[in-house]
Amino acid sequence: QSVLTQPPSASGTPGQRVTISCSGSSSNIGSNYVFWYQQLPGTAPKLLIYRNNQRPSGVPDRFSGSKSGTSASLAISGLRSEDEADYYCAAWADSLSGYVFGAGTKVTVL
Amino acid sequence: QEQLVQSGSELKKPGASVKVSCKASGYTFTSYAMNWVRQAPGQGLEWMGWSNSNTGNPTYAQGFTGRFVFSLDTSGNTAYLQISSLKAEDTAVYYCARSYCGGDCANYYYYGMDLWGQGTTVTVSS
Chain A
259 QSVLTQPPSA
269 SGTPGQRVTI
279 SCSGSSSNIG
289 SNYVFWYQQL
299 PGTAPKLLIY
309 RNNQRPSGVP
319 DRFSGSKSGT
329 SASLAISGLR
339 SEDEADYYCA
349 AWADSLSGYV
359 FGAGTKVTVL
Chain B
480 QEQLVQSGSE
490 LKKPGASVKV
500 SCKASGYTFT
510 SYAMNWVRQA
520 PGQGLEWMGW
530 SNSNTGNPTY
540 AQGFTGRFVF
550 SLDTSGNTAY
560 LQISSLKAED
570 TAVYYCARSY
580 CGGDCANYYY
590 YGMDLWGQGT
600 TVTVSS
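Protein chains in written order, with my numbering: chain A, 259 to 368; chain B, 480 to 605.
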């Protein structure tokens, strides 16, 4: 059972907006940055969002992150077929002195 | 360009050991910490721990103490993960991933894992 809670799946049609939630606690999301990773099928994860809402160079602005209290969310606007992937949230957990991940959310483009 | 290139797939018998390498290029190796992440078949990501590139000091997550050893070769810009006394449940893809250290790595977890290796599949089977 993961420390961070994500829905197992999310879906939308091309062009729609999809939001993925990530729920934690005061010792992880509540006191540290949230990161989001995208894992396309058969490939290594890729950093999508860092420090709650920052996009690395090359990440489209269709992807956005936010954080409030002990929860965070990732939004994908203008959904495209190439966005079909698993998405993981992560945060540092003070109580564990280590990173914790959510179980991942599989996004399907209908 | 910046990249992490990992060693190839391994097939091992229970009780054996394996050493996975992760060679960095295109950036200053000692400016970044190296994390290790495990992904069991069909499962999510699990952080195993990290190596402080300034001190070489490893830190292991709960569940990854004893049989797991992280090491660094700063002259060869390579990080290593060694697993001993392999069990069937160690079957997984193992990733290395860097995090910016910004000096003494005191706040390395501010930066996330911004560059990943392609993964090394370790299969443990008799």
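Quick caveat, the hints were computed from the structure, so don't treat them as lab data. Be aware that a few hints might be false.
Lysine to any residue pairs mimicking SDA-like chemistry, simulated, CA-CA at most 20 Å apart [stated by the list, open to error]:
| id | chain 1 | residue 1 | chain 2 | residue 2 |
| --- | --- | --- | --- | --- |
| 1 | A | K304 | B | Q597 |
| 2 | B | K566 | B | E481 |
| 3 | A | K364 | A | A333 |
| 4 | A | K304 | B | G505 |
| 5 | A | K304 | B | E568 |
| 6 | B | K492 | B | Y590 |
| 7 | A | K304 | B | A519 |
| 8 | A | K304 | B | L490 |
| 9 | A | K364 | B | Q518 |
| 10 | A | K304 | B | Y590 |
| 11 | B | K492 | B | Y589 |
| 12 | A | K304 | B | V572 |
| 13 | A | K304 | B | Y589 |
| 14 | B | K498 | B | D593 |
| 15 | A | K304 | B | D593 |
Covered stretches of chain B (chain A as the covering partner; in silico rule of three or more C-beta atoms under 8 Å from a C-beta of chain A) [unchecked claim]:
| id | stretch |
| --- | --- |
| 16 | 515-528 |
| 17 | 577-590 |
For every residue, glycine included, the Cβ atom is placed at its ideal position computed from N, Cα and C.
Review point. Against the structure shown, which of the earlier numbered hints fail to hold, in ascending order?
Key: 2, 5, 6, 8, 11, 14
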